[in-house]
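K.L.:
Residue strings, one per chain:
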Amino acid sequence: MRVLVVEDEMRLRRQIAAALREKGFVVDECGEGREAAFIGEEYPIDVAVLDLGLPGLSGLEVLGAWRARGRKFPVLILTARGSWQEKVAGLEAGADDYLVKPFQMEEVIARLRALLRRSAGWTQPVLRIGEIELDMGSQQVRVGEDPADLTAYEYRLLEYLMLHAGTVVSKTELTEHLYEEGDERDSNVVEVLLTRLRRKLDPQRRHNPIETLRGRGYRLRRE
Amino acid sequence: MALIAACVLAAFLGLVGSVLDRAYRVSLENGVREKLQVQVYLLLGAAELDDQGHLVMPEVLAEPRLSSPASGLYASIAAGSGATLWQSLSSTGHRIPYPTTTIGGTPTFGIVGHGEYYALSYPVTWELANGEVRNLELHVAQSRADADVPVSGFRHTLWSWLAAVAAALILAQAGALRWGLAPLRRLANEISEIERGDRTGLGEDYPRELSTVTDNLNALLVSGSNRLKRYRDALADLAHSLKTPLAVLRSAADGEMPAQQGDLIREQVERMDQAIAYHLQRGAAAGRSTFSSALDPRETLERIGASLLKVYADKSVHLDLDIDEGALFVGDPGDFTEVVGNLLDNAFKWCRSRIRVSAHSIRDENSARGRLLMDVEDDGPGIPKEHRQRVLARGQRLDELVPGQGIGLTLVREMVEKAYGGSLTLEKSPLGGARVRIIV
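Residue numbers (my numbering), protein chains in the order written: chain A, 1 to 223; chain B, 1001 to 1440.
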């Protein structure tokens, strides 16, 4: 999952980014309004953390610019003042949730996961498709009764596919959303990862939950 | 004011009328008396006493009215003893109780016969040729019905003119008052528009006499709202410059520090955060004043409700708004947003699936504009009686696990009580959870 962190206070931004990377997010960082507006419009962002008090363009203006360009990814706003006028203004401008500074880092992560899940249409924190059960809170995966032992990258791949279940996801899209910019990556890496994931999810090769559509990408069957 | 002026005017004109009426009567009576006096002289000229002292009157008198019956003019002559010696032909059938005089006294004029006649009695002492003296009394009377004919005409003219003048004056006065007071009426209208929130200041182009007042009022209004805005901006800047470093500290405590130090930092950051939130909200509260505008609570409730439905989308909350037509909050819109935000956020946090907000205006003996009573209820676990006091006490937390619960209600109570002189009470709701009732 690719998250944009917009916060002008460098230390806080780095702390948030570090905590998110540790939890397996791909993070873009930015500390200025105009740049934030540009990144949100041009990059394949899944979710954003947006401070309202920014130099350049205010957080509300950045949000307005994203929404005006039809960018629909969920946005968590950070407010220092914490007044309801500010929160309501943010939510009405298109934000999906808010946090008042200072906040707990776990709270940021939990809210972002909930936003990702909700924007994919899931109302429960545990995603279930067929025999596969993915708990976004504890990051545990079960297949039927048995826990599946996934690596961090395998988990991220499955999470992304489940949140986009039923739609075709290209290999480029997967690399963009699962790997940091500049990471050394071979186009085979995704294929290798996917092969391992398929084996763990469907050892007997009975269901084949993840289809390959030649030349187009992959699709996790909705049922 | 116009009524008082009209009454004074009417009383004055009434007084003028009756004085004129009276003066006219007096002059009329004097005129009648003089005429009667003339008749007395004519009678004296006509009367003769023979040598024996008997009264001799001519057959025909110079005044024809005395000779025709019921002509309205009457005369008689009596001896000093009172016995009637002669009476005019016109007096036949009329018994006129002439006023009495004394021998050698002054003539007496009066209204006699139950107001029917003006009468003059004139005593004379007549010396005969032989030197004897005879006392006679000459009486002349005129019917009032004849004499007073001009009075009713005069009265009619007098009072109709006075009434016309009164009407004209009252109209003119009402017009002048209306014209003169129009700017004050406009001022009152504009002030009530400010109170309703339909305008932010008084208009220009008042008359010079009033413009100093209106200009000062405008300056006061502007400086009041500017000062509030400056306070709020300064507080918001302060919050921003304090809270971002706190957030840095807080997340450093979460990740970069040994556990013991981390706990200490977390605890202290939490305390600072609550202190800032508490004083910030208290300092920014505008409160209620004479020029506070009144707003329909519905819009604020709907906006915040819609925002929170988005935030708590996972809960699929059913939010009922039961707002009375005509329910009004009198005070600062920003304050109301804070109050509603905190109360609704609590309700969303604690409810299972239902929230009900009801609001209506109630009378207030201290304020002509009334107060708003608002209930926020949920179907959550509610607040046990023994905890209610604690929840409202400053900085206390009932449940550390729900962030933000700590001072929301405390802040609302502070604002409602201190800035609005209102109240906040906690009860059990029929929905099963808490019912927070505020009166602001």
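Hints are supplied without guarantee of correctness; some may be wrong.
[To be verified] Below 27 Å or equal to it, Euclidean Cα-Cα: the simulated DSSO-like pairs (lysine-lysine) are: (1) A/Lys23 - B/Lys1310; (2) B/Lys1310 - B/Lys1349; (3) B/Lys1349 - B/Lys1315; (4) B/Lys1385 - B/Lys1428; (5) B/Lys1418 - B/Lys1315; (6) A/Lys72 - A/Lys200; (7) B/Lys1418 - B/Lys1385; (8) A/Lys23 - A/Lys72; (9) B/Lys1315 - B/Lys1428; (10) B/Lys1385 - A/Lys72; (11) B/Lys1315 - A/Lys72; (12) A/Lys23 - B/Lys1385.
[Claimed, not checked] Output of the computed footprint for chain B on chain A, the stretches with three or more beta carbons under 8 Å from beta carbons of chain B: (13) 3 to 17; (14) 55 to 64; (15) 85 to 93; (16) 211 to 221.
For the record, the hints were derived by calculation from the structure and aren't laboratory data. A quick note: this is a predicted structure, and the numbers were derived from the prediction, not measured. A virtual CB, placed ideally from N, CA and C, is assigned to each residue, including glycine.
K.L.:
Take the hints in turn and mark each one as holding or not.
P.N.:
Consistency of the hints with the structure:
1. With a C-alpha separation of about 25 Å, the suggested pairing of A/Lys23 with B/Lys1310 holds against the 27 Å cut-off.
2. Proposed proximity of B/Lys1310 and B/Lys1349 is supported: the alpha carbons are some 13 Å apart, at most 27 Å.
3. Distance restraint check for B/Lys1349 and B/Lys1315: the Cα-Cα separation of roughly 9 Å lies within the 27 Å cut-off, and the hinted pair is therefore satisfied.
4. For a cut-off of 27 Å, the pair hint linking B/Lys1385 to B/Lys1428 stands: about 9 Å separates their Cα positions.
5. Proximity of B/Lys1418 to B/Lys1315 is assessed by CA-CA distance (about 34 Å); at most 27 Å being required, the pair is judged violated.
6. For a cut-off of 27 Å, the pair hint linking A/Lys72 to A/Lys200 is broken: about 33 Å separates their Cα positions.
7. Pair hint B/Lys1418 plus B/Lys1385 holds up; C-alpha atoms about 24 Å apart against a cutoff of 27 Å.
8. Proposed proximity of A/Lys23 and A/Lys72 is supported: the alpha carbons are some 23 Å apart, at most 27 Å.
9. The straight-line distance between the Cα atoms of B/Lys1315 and B/Lys1428 is roughly 22 Å, inside the 27 Å bound, and the hint therefore holds.
10. A C-alpha spacing of about 45 Å is found between B/Lys1385 and A/Lys72, which places the hinted pair above 27 Å, so the restraint is violated.
11. Restraint check for B/Lys1315 and A/Lys72: the C-alpha separation of about 22 Å stays at or below 27 Å, so the hint holds.
12. Note on A/Lys23 and B/Lys1385: the hinted pairing is violated, with a Cα-Cα distance of about 42 Å set against a maximum of 27 Å.
13. Restraint check on the region 3 to 17 of chain A versus chain B: 5 residues with Cβ-Cβ distances below 8 Å, three needed, restraint holds.
14. Taking a C-beta to C-beta cut-off of 8 Å, the region 55 to 64 of chain A contributes 0 residues in contact with chain B, too few for the three needed, and the coverage statement is violated.
15. With a cut-off of 8 Å between beta carbons, the region 85 to 93 of chain A has 5 residues touching chain B; three or more are needed, and the interface restraint holds.
16. With 0 residues bearing a CB less than 8 Å from a CB of chain B, the region 211 to 221 of chain A misses the requirement of three and the coverage assertion fails.
Consistency with the previously given hints fails for numbers 5, 6, 10, 12, 14 and 16, ordered from lowest to highest.
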